[in-house]
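Protein chains: 4
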Amino acid sequence: SPGDRMATAANRVIVLIIVVNLSAVVLETVPHYARAYGRLFLAVELVTVLMFATEYLLRLWVADLHGPFRRIGPVRARLRFMLQPSAIVDLLAFAPTILGFVLDIWDLNVLAVFRLLRFLKLSRYSPGMGSLVQAVTSERRALTASAVVMAGLIVSAASLMHAIEGEVQPDRFGSIPLAMYWAVTTLSTVGYGDVVPVTGAGKALAGVVMLFGFCMFALPVGIIATAFAREIHQRDFVVTWG
Amino acid sequence: SPGDRMATAANRVIVLIIVVNLSAVVLETVPHYARAYGRLFLAVELVTVLMFATEYLLRLWVADLHGPFRRIGPVRARLRFMLQPSAIVDLLAFAPTILGFVLDIWDLNVLAVFRLLRFLKLSRYSPGMGSLVQAVTSERRALTASAVVMAGLIVSAASLMHAIEGEVQPDRFGSIPLAMYWAVTTLSTVGYGDVVPVTGAGKALAGVVMLFGFCMFALPVGIIATAFAREIHQRDFVVTWG
Amino acid sequence: SPGDRMATAANRVIVLIIVVNLSAVVLETVPHYARAYGRLFLAVELVTVLMFATEYLLRLWVADLHGPFRRIGPVRARLRFMLQPSAIVDLLAFAPTILGFVLDIWDLNVLAVFRLLRFLKLSRYSPGMGSLVQAVTSERRALTASAVVMAGLIVSAASLMHAIEGEVQPDRFGSIPLAMYWAVTTLSTVGYGDVVPVTGAGKALAGVVMLFGFCMFALPVGIIATAFAREIHQRDFVVTWG
Amino acid sequence: SPGDRMATAANRVIVLIIVVNLSAVVLETVPHYARAYGRLFLAVELVTVLMFATEYLLRLWVADLHGPFRRIGPVRARLRFMLQPSAIVDLLAFAPTILGFVLDIWDLNVLAVFRLLRFLKLSRYSPGMGSLVQAVTSERRALTASAVVMAGLIVSAASLMHAIEGEVQPDRFGSIPLAMYWAVTTLSTVGYGDVVPVTGAGKALAGVVMLFGFCMFALPVGIIATAFAREIHQRDFVVTWG
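Residue numbers (my numbering), protein chains in the order written: chain A, 1 to 242; chain B, 1 to 242; chain C, 1 to 242; chain D, 1 to 242.
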């Protein structure tokens, strides 16, 4: 129907605006671009904030026409609308900039963090994000179990390495929290190489940790991957047949 | 039938030529080999171009005898043939060398990129490539969702690290795009180690990013692996029973 | 029932105590914290030991009321109870500290290892740990097979690299055990970068080992991930329908 | 039956001998151990060779009593036995040492490679190895397809990086084969960090290669893991019900 097509077009415009704006936030941190295109970035931000504020106010305006809120009176309907997670995300997408402008606090570093919250707004338009949340929720028991196993591995590996190389490399393995950085780097197979064992016993332990961790870290990966694929396909099924 | 056997033999010859030629392109960039075997590489290139040009012209010649193009006249049939993706790949496999020779532009670096396009021609003879394209196409929705999650993770990790270590290591985390190189290196578990956090807060963030990213990056891997295995086996089924 | 609710609450308190205590063990190794909060850490330890000892003695007290041990007399029931793996884990959670206190041996490094054994006590309260043990047990044949393949890969890669670069980098590849550290680092894709080949032949071998090992190391990961997911879901099924 | 039990015991003895011997080969390359336990290593080697030679001659002796070889005469049966892959592996497990001793060529480095061939003999006693070979064989089409995709990715990534950084870091990206070492290190997510891009364009390419390669490299991993798990379980089924 024309209404559906217009809704789809409006959604695409919003997604486009968010992507453009997020790119501006990212590029604005490059000093060279900030100097050269500062006004452009400001214009992008102002247009974005204007559009998001308009969108929010329009949604708020029509909130009491919406299905579940129709029967509870115009004020309570709008309050209930404002407390929905999606409405809070929409509010956070423009309010900080306006607040910063009004209060004359224009610290780009603080604002950047708030402006990146627009990723949450973007995620509302991606069907996959819902599936991911669903997958994590339905597998929370298995993921908790994996987290306990992984935490145990990390702390055990860190403690043993602290015992072996704590005095050889005190700035790297001098405490268990320090050694945990090594343990996570190794168990996740990232392996920067900025913290490595130097003694024979340390290297032997590192080798065992690599082999052990490699297998244990497969647990959450397998669980999430399987659950996510299942959720995505269930949603496809609903979209096709619903 | 003898025709089938000849077609299979012809395909094998073409695959062999492409492999020999690609090896020549790769080895030619080694200065030592370029000096020692320059003439051999030139000969390989000329023979290859000659054979690919012949193959292309022969295919073009018989284009109007081919099933779907039989009824639309000899000129339109050949034009339609030339616009097929596979015919364009075949043309790109020899035309640049001839053009470079005719126009006397013989810049090896530019030509090398075009000559590596022969990988596309090679992929036409691999049944797996079709399955891979099919797998990616059928899972495009899940892959888009994964891409959004991954982009969000990369930008968030980069922004936080930029906020924490931007002033400590300005040449490494001085802007979000710079920090994104670190984020991708870490989230993909490659972990070169050329860009690493040095502060306690930075290391703590890096550890969380490793654990988080490890799981999130499992999403596209699981989806592609599953879909590819499915497509490959469906094709096997068709080949066996079709 | 109220009894069940009390049991659940008691379990949660024990889990909380273990987590607090393990955090104290980890943080106590940081010299700064050890000086600043030494008394707090000691208090945490003493309270923990007191509670674990009380819990153990209470369990021991009621051991002869418990199902399977009811008929074998009070002394034998308590002895049998003490020899259960779970009771040994409970004993190890507090006995070393008391012994160290009584014998006036208060070496924190040795005690820390014993105190981390409380992770085993923690794992008793995680349903996932049982599933993991079950998964490893049921797939022991496949895992043994993977271990043989992996050991073969590690020793072969190490031997070849020792043959190629043993004389070029004697401190890194001078013996097969030394080269095995490189092999494990590479095959597990950790890749610290502290031990890398420098000759052309060594780099070529490293490339082949990476590609080969990447595939071979998928074996245990796939097996464990699948079996663990299966066990977790079977347990869910039992919890829901049992 | 007693015969079966004796066969199992004999197999275990052989596996034990191979493991002891392989450990000796590995440890003998450590100069310190070679000096201290040289005689022990020699004794282990001599006993092993004696036992393997005896085993081989016994098997050869009874070759014509064995099922398929019973009807073809004693000489032809023994020749056919000797040409079996498993018999060749058995011969290679002791012949090189005897040959080296007889010809007075006792170069440990050359011998070590032959002695490590005993891993092949070990693999004959691991049911998993057969499953792995079966898995690779049954999925050879999918694996070939993956190999083409991976080869294309490696060469493309290397060529592009050679074009971008070939002149900036000529000793690292000066030719495509050199750049291929970087490409394999990156695509396999090992990421040593000894060869990294330094320009902005190079880093951007590296980021794309990491993301792309991460997904593509999932293909063979998924295929092998799935097929291996299937073969292992089919074999379990046969062992249980056959």
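These are calculated hints, taken from the structure and not from any lab test.
This structure is a prediction, so every number in the text was calculated from the model and none was measured.
A virtual CB, placed ideally from N, CA and C, is assigned to each residue, including glycine.
Watch out, some of these pointers could steer you wrong.
The calculated label-pair distances, taken between Cβ atoms and stated as ranges, are [to be verified]:
#	chain 1	residue 1	chain 2	residue 2	range
1	D	V75	B	A10	43 to 49 Å
2	C	A147	B	G200	51 to 57 Å
3	B	L91	D	V168	29 to 35 Å
Hints, verified against the model:
no. : hint                         : result
1   : D:V75 to B:A10: 43 to 49 Å   : holds (47 Å)
2   : C:A147 to B:G200: 51 to 57 Å : violated (38 Å)
3   : B:L91 to D:V168: 29 to 35 Å  : holds (34 Å)
Checked against the numbered hints above, the structure breaks only hint 2 and satisfies the rest.
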